[in-house]
Each structure stands twice: as C-alpha cells, then as structure tokens.
Amino acid sequence: MTEKTVEHPEVPTLFDVQEMELNFGPQHPSTHGVLRLVLKVDGEKILEAKPDVGYLHRGTEKLFETETYPMGLPHTDRMDYVAAATNNHAFCLTVEKLLGLEIPRRAQLIRVILDELQRLSSHLVWLGTSGIDLGAVTPFWYTFREREQILDFFEEYCGARLTLNCMRIGGLPFDLTPGWIERLSELVDDMPARIDDYEQLLTENRIWKKRTVGIGVISGEECIERGLTGPVLRGSGVEWDLRRAQPYECYEELDFVIPIRSNGDTYDRYIVRVQEMRQSVRILRQCIDRLEPGEIRGKVPRVIKPPAEEVYASVESPKGELGFYCVSNGTNRPYRMHCRPPSFINLQALPRLAKGHLISDLVALIGTVDIVLGEVDR
Amino acid sequence: MNILSPTVLTYVKVVILVLGVPAIVGFVIVLVERRFMGFMQVRLGPNRVGPKGTLQGVADLVKLVVKEDVTPARAEGAVYFLAPVLAVVPALTALALIPFGPSLRLSRDAETPLYVADINIGLLFLLAITSIGVYGIILGGWASNNKYSLLGGLRSAAQLISYEVPMGLALVSVLLMTRSLSLVEIVQRQERIQLWFVFPGLLAFFLYFVSGVAETNRNPFDLPEAESELVSGFNTEYSGVKFAFFFLGEYTGMIIISCIAVTVFFGGWLAPFPHVPALAFLKIIPPLGWFVIKTGVFIFFYIWFRSTFPRYRFDQLMALGWKWMIPAGLANIVLVALAILATPGRTNGMVTLSWILGVLFVALFLLARLRQALTRRDRLAAEPAGVREAR
Chain W
1 MTEKTVEHPE VPTLFDVQEM ELNFGPQHPS THGVLRLVLK VDGEKILEAK PDVGYLHRGT
61 EKLFETETYP MGLPHTDRMD YVAAATNNHA FCLTVEKLLG LEIPRRAQLI RVILDELQRL
121 SSHLVWLGTS GIDLGAVTPF WYTFREREQI LDFFEEYCGA RLTLNCMRIG GLPFDLTPGW
181 IERLSELVDD MPARIDDYEQ LLTENRIWKK RTVGIGVISG EECIERGLTG PVLRGSGVEW
241 DLRRAQPYEC YEELDFVIPI RSNGDTYDRY IVRVQEMRQS VRILRQCIDR LEPGEIRGKV
301 PRVIKPPAEE VYASVESPKG ELGFYCVSNG TNRPYRMHCR PPSFINLQAL PRLAKGHLIS
361 DLVALIGTVD IVLGEVDR
Chain U
1001 MNILSPTVLT YVKVVILVLG VPAIVGFVIV LVERRFMGFM QVRLGPNRVG PKGTLQGVAD
1061 LVKLVVKEDV TPARAEGAVY FLAPVLAVVP ALTALALIPF GPSLRLSRDA ETPLYVADIN
1121 IGLLFLLAIT SIGVYGIILG GWASNNKYSL LGGLRSAAQL ISYEVPMGLA LVSVLLMTRS
1181 LSLVEIVQRQ ERIQLWFVFP GLLAFFLYFV SGVAETNRNP FDLPEAESEL VSGFNTEYSG
1241 VKFAFFFLGE YTGMIIISCI AVTVFFGGWL APFPHVPALA FLKIIPPLGW FVIKTGVFIF
1301 FYIWFRSTFP RYRFDQLMAL GWKWMIPAGL ANIVLVALAI LATPGRTNGM VTLSWILGVL
1361 FVALFLLARL RQALTRRDRL AAEPAGVREA R
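If you read the sequences in order, they're chains W and U. Here my numbering is used: position 173 in the first sequence is 173, and no number is missing along the way. For any residue, its number in my numbering is found by taking its place in the second sequence, counting from 1, and adding 1000.
Hints in this document: simulated from the structure, not taken from any laboratory. Just to be clear, a hint being listed does not mean it is correct.
To be verified - Below 27 angstroms or equal to it, Euclidean Cα-Cα: the simulated BS3-like pairs (lysine-lysine) are:
no., chain 1, residue 1, chain 2, residue 2
1, U, Lys1323, W, Lys210
2, W, Lys209, W, Lys45
3, U, Lys1147, W, Lys355
4, W, Lys40, W, Lys50
5, W, Lys305, W, Lys45
6, W, Lys40, W, Lys210
7, W, Lys305, W, Lys62
8, U, Lys1147, W, Lys50
9, U, Lys1147, U, Lys1067
10, U, Lys1283, U, Lys1013
11, U, Lys1323, W, Lys209
12, U, Lys1067, U, Lys1052
13, W, Lys40, U, Lys1147
14, W, Lys40, W, Lys355
15, W, Lys210, W, Lys45
16, W, Lys45, U, Lys1323
17, W, Lys50, W, Lys305
18, W, Lys97, W, Lys305
19, U, Lys1147, W, Lys45
20, W, Lys355, W, Lys210
21, U, Lys1052, U, Lys1063
Turn these sequences into a full structure, and let the hints guide you.
In structure tokens form, the structure reads like this:
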C-alpha cells in the first residue's frame, strides 16, 4: 500500500477503488481441496481468475522413477483419490502394453466392474459436493449414502476404501470374496431408483436451473483446442469417450451409450454426469451377467523388466482421459513415467469459464469442472 | 407495593422475554432444526448430549461462551464490538410487541395481557426496529477487515433493504383490511369478522413470508452468509460470544417474522374457525398454545426451506425482489383496495376476495404442476435412445 501512495500522490479513496484482489482458497469451503484462485473482482464480478496450484505436489512422477514398476502402483491411488481404481487401471494398462501382456477374461471383467463402481462413486461425490456449492445441502447426504455402500464393496474386495491399490500388473491381486457379486447385483438393481431420487431434488429445480443453465458455456471446438476431456467435453456436444473410441479390456463387447449434450453449460455437464451414472449401472449389470470363474492374473514375469520402449496408454477416468506415458530403458524401473491428468488439463479452462461471471458462479464452475487436487498437483 | 401490579408484571414479562427467547432458541429451535434436518437428510442429527440429544443446546452454549473471543488485529474495534449487539438487541426489543395471547389471570383480581406493550403504531414500530438489525450485519461485515466479510456485508445491505419494500407493501394491503396498526387490534378484528386475513391477503402473505425469509438471511436467500461462496460471510471473523449474538439475532429474527405472520395473517392466538360449532373442541388448547403451534409451523417452514432449496445468486435475488415482488405487492394493494371499495359492508369484500384468490391459487398450482410434468416429459423424450433405456 505504501509503495502505491508514493507512485500516485493522490491516495485512492474508498470510492475510487474499482478492483479488489481476492484470495480464493487454498483454505476455502468450496475449492474442493487446496486450490488457490487469485481473483480480481469488481464488486462481485470476476475480471480475472488465476489458479495457483501445487499445494498438494508430492513429486509422484519422480517417485515412479525411483521405484520398480509394481512399487509405483500405490502412488497412483493418491493422485485422484476419489477414483483410485481408474488410476490403478491406467498405470497397469501402460505397463502391460510395455510388456505385451494378455489379461484373462475374468480379470478384465472385474477390472471393468471396479472401474464403473469407481465412476459411480466419483460422480456421487461430485454431485453431492457441487450441490453443496450451490447451497443444496440435502442431495449430498443421499449421494454419500450410496457412495458409502460402494466403498464397502471396495473394502471387502481389497481392504481399502479410498486408496484401493486394487489392480496388479497383469491382472488382479485377489479374486472376489464369496457373495460379493450377489450383493453388488442388489445394489445395481437399486441404483436407478436412487439416481431418480437425486434427479428429483435437482434436475427440474427452478433455482438449480437458474444457477446452472448458461453458466460457464464452452463450445466443443474450444474444448478440443484446450484438450478438455471427460464430461466437460461431452457436455459440449463432442462424442468422445475412450471406452468407445479406443476400447480397452472388454468395453468393446458391452452395450452402453455415451451421453452427450450440446449447450456446454454447467447444467448440461450435470445432466451428462447423471446419465453417465445410469450407463455405469448398465455396464455393471452386463459385467455381472458375463462373469465366469477363471484366472485373475496373466503370465506375469517374476521380475518386471520391460524392453526399452516408449508407450502411452489411457483410460476414461471419471474426470476424463487419464493416461500414462512411460519411457523404459530396459531396467526394472521406468526411466520416465509421465501422467496425463484430466483434472489438471480441465482446470486450465477455469479462468476462461469464470471470466465475467460472479463469485457465486465461480463455485458452480469449480464444481462443474470436477477437479481433484491430488491429481492436479500430483 | 403490590407484587402483581402492572408495572412489576411488565418488568417480569420483559425479563422472561429477554431470558426466555434465547433459551428457546438455544435449546429448542436449534435442536429441532438439526434433528429435522437430520431426518430429511438420511442421518441422525445430534443425539449424544442428554437423552435424545436434548441437552445439545447446553453443550453449544458452553462451547460458544468458553471459546476465545478473537478480534482481528486490524478490525475497527468499537464497531466490531457494536455490530453483534446491534444485531440482537432490536430483535429482542421487537418481541415486546408481539401479542402472545389475550390475557392471563394470575389471581382473583390480577390479570395481565400476554404482551409487554400494545402501542398504536405497533406494526410500523416492528418494521422500523427490525430494520436496525441490518446495521449489525453491515457494520459487522465492514469492521472485520476481511474481504469475504465485506462482500457479505455488502450483499446483506442490498438484500435486506430491497426486501423490506415488498414486505412493507404486503403489510400495507393488510392494513387496508385491519384499519389499525396495533397488533392486538389486528387479532381482535380477525376474531370479529370471523376471517383470518390470510384468505383475502393470500398474495400478501406469500410476499410477506418470502421477504421475511430474505430478511432473516435464511435459505434460499442466505447470501450474506453463503458458506460455499463467502466462507461464512459477514460473521467469518466472529467467534465466541459475539458469534453467539449474531446467531441469536438470526434466530430471534426468524421467530419475529413467524410471529408477525401468525399475528397478521393467521389470527394470532385465536383457535382455527372459532365460529364453527364442530370445531369448538379446538378451544381446549389455550390461546398461548395456539400461538406457539402456529409460530412453530412457520419455524418448521424455515427448516424445510433450508434442507430443500439451493441458493439464489445475488443478481437473481435482486431481480426477484425488484422485478416481481414489488410490482406484485403494488398490484395487490390495488386489488385489495378495489375489493373493499366495491362491496361496502363489514366483510363482504374480503370474503369474495378470499374465494377469488383461493380459486386462482389452486388453478395456478395445478397449472404449475402441469407445466412441470410437460417439461419433464419433453426432457425425457429429448434424451437419446440408450440413455432412456438406462432408466
């Protein structure tokens, strides 16, 4: 302040002040973690929003280099910590591609089940928290009721609820416990009615629509230019889902639809995610029906020493395209393991989306981009 | 000096109000609110302190009083101190005017009305004194020297001032029917004409209650606090007893808005339909009981709103206030005035108006339902094929 008064002899009075700099986060109820946004605001209007990331940086990519391939896997749990299974999956896919491994069918199906359960639980977290951001507190408790049930399934399968570490290079660590699939089948039967419940609370709600329709509009072309993926891209009318575009595991044979909407606003992204949850339920049902006894691990060498090659493999995580680019130099550790984190790349659109909106819309936008800071900062 | 003399009794009543209302707020409303919200949100709510959580209020109170009372280093000390006081004192003062019941017989020759004062400008005084509470919020937001508090204070300044206008307009249309500003007289008139003012004043009631929710900063109009946007809005920096004062002010505000709604629109302490013989048994409940029940219903609405609605955005809130509610309030005044002018006599105009408004209300409600069903059908039809199958 004092420097400023030296530069400008007239001290600005209260009414001259046009802009205010506002620190939004890293400790703020609705930044979904430790995101810090430096806002320039005129009243409540956002002139500029600058994300300042890195508060949760753990050096994950460097850690991959210092440890053997199997040891790298648990680190992926901590990236997108509300969707650990898809992270595990992407990592395993990359190494398997490097090794040229075949995965047994049962393992593929269980992987898809875990993935889709994870997608459901991640979208449930998103739905609940973005409801709270807009002041709708109640849906949160309903979504978390179901999420807890899903986490119970994970816990029974692998002992953990969040940091699952539930896949292994070449397959799975464990087979399903007895009765697991029957109980899952019950949940899958219940789920559509529960999703109807959430929609009942929000979809036609006048205030919810007022707060989301036309907020943060982004066109399909711009999404592609900025490399946005996942529900953000599909909400803008681009039909791009890696499960369909570059099928991995057994997605090819499964019957599901990629929900898309054309307006590219917050409301459409909401609809896309809710419909994706319905599709996940469909996929789960098909996988449960196809599941047969069999091997859960392929022929994995005792020591994983891939040939010196470079590969990239990716999965459709709940947030978008999650991929790993691995450079191997023929040793038992990766020379370089780069991650393509969907949250980080989607977050880049936030300043563009937020510009010109109000502070109240900013929280809606942070919610609609659906970021997890563990993945943004890695 | 007679211990039951009016002067002494007035003091007693004041003490009961000043001590009793915070107690009710702390021990009953907050607990009921949290338990109800727990019920609506598939969870339990507080149930650990005392039997069924009934002593939660004590625990909260102890926590708030024992907590360190922090004043930010660069806050405006005096104003920072004054703001919570300004938020709570007018609210408690306003309670003095609320007629909780007609009168209570204390002994053979001593009788006291269940209100502290019945002044001839009662309603006007209530509006005036509750407006002072706004200063508490604005000044508190400003004095905290915190940008979020400041934004909260700014929001409340605009919001509360805007919503006082439709609230005043709604009450004006009732005044045309009551012909008195005295709250006691308003209740007595409802008894005389055998009609609660909510029926001819249906529109006014809606305007009043929506503005009332906005006036008390409650969902869906809780923008000055807006937890997910402004952290905690104007009271971000407040802790301990000062925070408790803001809290008390907000809840007392809720009580007052509900009490005015009951008094002006729902016959105050009167039992429902006192002139229908079949419903005479309702008089078993004493007048004070009826007042409390009716007020409780409105408090319940507040809680219900809170767990149902998302929050409005600031500009949408202002648009709603200025573009819809104020014109509607003005139109309502004209409507009521015409009805009263057109049909001379004691109540005829009002009864006709009640019927018209009632029918209109039902028709509008059905129309809205129909529209909702149609949009839902359109939305479902617009979904691509596979999405529909997934239902």
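Structure-based check of each hint:
1. Distance check on the hinted pair: Lys1323(U) and Lys210(W) sit about 16 angstroms apart at the alpha-carbon level, within 27 angstroms; holds.
2. For the proposed pair Lys209(W) and Lys45(W), the alpha carbon gap of about 20 angstroms is at most 27 angstroms, so the pair holds.
3. Taking the CA atoms of Lys1147(U) and Lys355(W), the gap is about 20 angstroms. The hint holds against a cut of 27 angstroms.
4. For the proposed pair Lys40(W) and Lys50(W), the alpha carbon gap of about 9 angstroms is at most 27 angstroms, so the pair holds.
5. A C-alpha spacing of about 55 angstroms is found between Lys305(W) and Lys45(W), which places the hinted pair above 27 angstroms, so the restraint is violated.
6. Pair hint Lys40(W) plus Lys210(W) holds up; C-alpha atoms about 24 angstroms apart against a cutoff of 27 angstroms.
7. With a CA separation close to 19 angstroms, the supplied pair Lys305(W) and Lys62(W) stays within the 27 angstroms bound.
8. The hinted pair formed by Lys1147(U) and Lys50(W) meets the criterion: a straight-line CA distance of about 18 angstroms does not exceed 27 angstroms.
9. Between Lys1147(U) and Lys1067(U), the direct Cα distance comes to roughly 24 angstroms. Compliance with the 27 angstroms bound is thereby established for this hinted pair.
10. A C-alpha spacing of about 25 angstroms is found between Lys1283(U) and Lys1013(U), which places the hinted pair at or below 27 angstroms, so the restraint holds.
11. Between the alpha carbons of Lys1323(U) and Lys209(W) the distance comes to roughly 19 angstroms, so the proposed pair stays at or under 27 angstroms and holds.
12. Distance check on the hinted pair: Lys1067(U) and Lys1052(U) sit about 25 angstroms apart at the alpha-carbon level, within 27 angstroms; holds.
13. With a C-alpha separation of about 12 angstroms, the suggested pair Lys40(W) and Lys1147(U) falls inside the 27 angstroms cut-off, and the hint holds.
14. Under the criterion of a C-alpha separation no larger than 27 angstroms, the hint pairing Lys40(W) with Lys355(W) is consistent with the structure, at around 10 angstroms.
15. Proposed proximity of Lys210(W) and Lys45(W) is supported: the alpha carbons are some 17 angstroms apart, at most 27 angstroms.
16. With a C-alpha separation of about 21 angstroms, the suggested pairing of Lys45(W) with Lys1323(U) holds against the 27 angstroms cut-off.
17. For the hint linking Lys50(W) to Lys305(W), the alpha-carbon distance of about 43 angstroms lies beyond 27 angstroms, and the restraint is violated.
18. Taken as a hint, the Lys97(W) and Lys305(W) pair is honoured in the structure, with Cα atoms around 13 angstroms apart against an allowance of 27 angstroms.
19. For the hint pairing Lys1147(U) with Lys45(W), the CA-to-CA distance comes to about 14 angstroms; that is within 27 angstroms, so the pair holds.
20. With a CA separation close to 18 angstroms, the supplied pair Lys355(W) and Lys210(W) stays within the 27 angstroms bound.
21. Our distance criterion of 27 angstroms between C-alpha atoms is met by Lys1052(U) and Lys1063(U), whose separation comes to about 19 angstroms.
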